[in-house]
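Peer 1: What follows is the residue order along each chain.
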Amino acid sequence: MASVNESLVGAGEIDGAVMNGEVAYITIEDGKRLKAEVIDVKPGGTIYLQVFEDTSWVKVSDTVEFTGMPLTAKLGPGILGSVTDGLQNPLYELGKIEPFLERGLEVASLDEKVKWHFTPCVKKGDHVTGGSVMGFVPEKIFEHKIFVPFSMPGTYTVVHIADKGDYTVADEIATIRDPGGKTIPLKMAFEWPVKTPMPFHERSVPTKPMPTGIRILDSLFPIAFGGTACNPGPFGAGKTVLQHSLAKYSEADVVIVAACGERAGEAVEVFKDFPKLEDPRTGKSLMDRTYIVGNTSSMPVAAREASVYIATTVGEYYRKQGLNVLMLADSTSRWAQALRETSGRKEEIPGPEAFPMYISTLISAFYDRAGVEILPDGKSGSLSIIGTVSPAGGNFDEPVTQATLLSTGAFWGLSRALSDARKYPAIDRLDSNSSYPSLLSEEEVLSLKALLREGKSIASNIILMGEKGITDETYIQFQKSELVDAVFLQQNSFHEVDGVTDPDRLRMMFDMVWKIVESPVNIHGKDDIRSHFNFLRQAFIDWNTIRPDEEGFEKQEHTILNLIKQGIHAQENV
Amino acid sequence: MLRKTYDHIDSIGRAILNIKAGGVHNKEIAEVIYPNGEKALAQVIALDGDEVTLQLFSGGFGVSTDCQVRFMGRPIQVGFSKDMLGRIYSGSGRPIDDGPELMADMIRVGGPSINPVKRLIPKEMIRTGVPMIDVFNTLVRSQKIPIFAKAGEPYNRLLANIATQTDADVIVIGGVGLKYDEYHYFRQRVEEAGSMSKTIMFIHTHRDSIVEGLMVPDLALAVAERFAMQGENVFVLLSDMTQWSDYLRQIANAQDQIPANQGYPGDLYSQLASRYEKAADIEGAGSVTILGVTTMDDVTHPVPDNTGYITEGQFYMKDGLLEMFGSLSRLKQQVNDRTRSDHRNIMNAMARLLSEAEERVKAQKFGSVKDDYSLRLLEYRKTFQRELMDPFRFLQLEDALDLCWEVLAKHFKKEEVGLSSGLIEEYWPEKGQFRILKDGNP
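Residue numbers (our numbering), protein chains in the order written: chain A, 1 to 574; chain B, 575 to 1016.
None of these hints come from the bench; they were simulated from the model.
Glycine is no exception: its CB is placed at the ideal position from the N, C-alpha and C atoms.
You may find that some hints are simply not true.
Covered stretches of chain B (chain A as the covering partner; in silico rule of three or more C-beta atoms under 8 Å from a C-beta of chain A) [claimed, not checked]:
{"hint": "1", "stretch": "842 to 849"}
{"hint": "2", "stretch": "922 to 932"}
Some chain A residues judged to face chain B by a derived CB distance under 8 Å, without partners named [what the hints assert, rightly or not]:
{"hint": "3", "residue": "V60"}
{"hint": "4", "residue": "A267"}
{"hint": "5", "residue": "P350"}
Given the sequences, and given the hints that come with them, work out the whole structure.
Peer 2: The following block contains the structure:
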């Protein structure tokens, strides 16, 4: 040990070789071992380490022990349903030791006492390669494939494979032999270096929309299975609520929540609420498809980066299982800030807003780990990544937002003006975009966008000239645009029914709202027009809160249809 | 144990001292011993070989190159005892009232955060009697929430009101960069409210060194957390975290750190977060609720901006009123469905109409607002400001909700407010029967 400056530690007088990225442990006076990672090797032999723990009480004479191994994630059955810190230490296990996150504690990433029912699918004498499936265990929502570790090159022969039965991740379940005759024992779990992307067997492009249950996304700004999206926004514009809705309702098989440098309370809501909620697609607890990795804002900063990479690696692993995985990274800005802190302490020449120059490269490489993969059995899996960005001052013209926009396929810009007006989700209707196909037809999307643009332009005319300054026809068009926004794009995430809209219901709602848009309104006078649309809006919102199989649904549908008719035939009634 | 002293001082800055020494621990406490025998406290903040960087609690002025430094072999600690209730301490933990020194257990300061699995989902409303809070941005036990306001707004009055009008078991006041009269005000208000016996104050005023100011939140929160672990519901008031951030900036600058935005260090977010995140409702124990003050001119300034991303909302005070837009309680959804059946809906309806009215305010500047509905919206906005936005009008939640209905009924027709027929039937007041509205019976 040569120097200490918050999470950055310098080491000198090293015996042997040191690898950039390898994990090291600092042993402090009371015998606690602090985990760290080599981030730089400087001229003169000084090694810089970022320490994943609080560095209080470290001394210059403390010893550093290098492991020769990069930071890895442990991959195997037992990840689903778990909650870990940024270094994959299960938080419930840590909580049994101490109520506070004391440093120097490490527990097994995967519970080594749990027995998994293993069914082999290879036999003695079979040839296998890295990535071959040796058998299956049931894990919560699906049949979890037990692989030969992906990192193993060449072809091997199976010497021994365990019989069908119950094993833990610490048990050996197979022995394989390489062409040189060396035998290698295998377990159900293996490690993968988190900063190395897992190679795709065969990469394909994201083209199939992933229903999220959020109408404005599924219609206007969709994300595809295997796609990427970012939602930047100032605080208070609804990022958190949006992330929670996505975690709950997206039609992914597995959801990974990387709570990176954000409020602990938000992660707590997820892992305390999800076990009580049912996943309608599996009938099981929502937690059964969820993995939460949390380095919340008051945990040691250096582990923020690790938390993002561990989440991504786990996502790639479940993609290899043939599942559609959604990873939510909240917030990538906190990760970038952690890099900025470390970069500053290393006295690197800073880029814009003191972020390191290489921030954009890291961000692009991170989103590139999302994608669709065609697996050896011809089936496919996908990893979609949705990253939140928390730009300073809510200004999108900053390095992290800009780098993210270049790397993602959909942009959901959150707007304070919309959230002030309580128009949730407060995703900017005109500035956001997506390069993925929608659940609506291309033509429908274009018409919808055109109507919203027209509505906005009429709104600015009304401000300038007053309602009296525009014609009834224009005012009706304005009311139609406002109605589409209010009843279709806006959604009450806290409402049991309105909070999630499946593709069938989305179609039904769009057809209904579009019927209103396309029907003439033969009413004169701004007050009567506004009143007509108020009734329509109210009826539609009520309809949104009723399940299609519930009593009153059809009645409410007729109420809307009648109102449409009243609008058309208003003149005749007079 | 006799500890070695060091006298190879390399440099002395406004708050930083560098000295050559061996066997020193990161974050260790040291004594700076002046030639005349007087002592001052310092803390190790960085080590590089035998070069030790210390942060001086009472500043660098008066420190001379022939001072000696003695390392104390312990980290920063603060006393903890029930006898501290009713007492006032400085940012270095010394009593500054006229009371005696106390024998107290020493506890660590700035310890690790609570394991998230030990946190409970916040679920208990705190009634403050302030309509803009109780109705529109409900405060919840264990919430961390600051008041955003320009310097000079009556934020400390509101802070003291909330703390003394609620049911906190223990109040811990952390004053950072207070003017002497503000300190005096807090003390007086707590005494007047009869709450002194459940209050501990850690006070830093402008005559004290900035390092002591930096320490105040840590001392206050360490003590608060310990009370919470013993089952108490603790309210922590921190005023003013913008000045605290400024002190952080000064120290970072003295250490030649590369500044991020507006000279603040790159870790401003993490530094603020590690304090605010001490707010928690702890399984099997009590809770810590933090009410802060963030003075500001512009919400995009780095301090309010970073704070907003950390805290669970903010109360935005402007011209002595609590604003609807800009104010937010992120935890209100946890509680406002269990107060009264109309709470959530009327809250949303009032906000939506106010937002519509704000649009008309813009249009009004062009002289284009002439229709009856728009004019009524503008009248509604005036009534709203007068009746509901005053932070010092005390109303029980139920009365405040009734007042909302009266304000709506004064200006709108039933079908204009976008509330369900069921609620309207139950709560819509008839004109002439207004109970709370000040000038309500037309």
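Peer 1: State for each hint whether it applies.
Peer 2: Right, here's what the structure says about each hint:
no. : hint       : result
1   : 842 to 849 : holds (count 4)
2   : 922 to 932 : holds (count 4)
3   : V60        : 5 Å, holds
4   : A267       : 6 Å, holds
5   : P350       : 5 Å, holds
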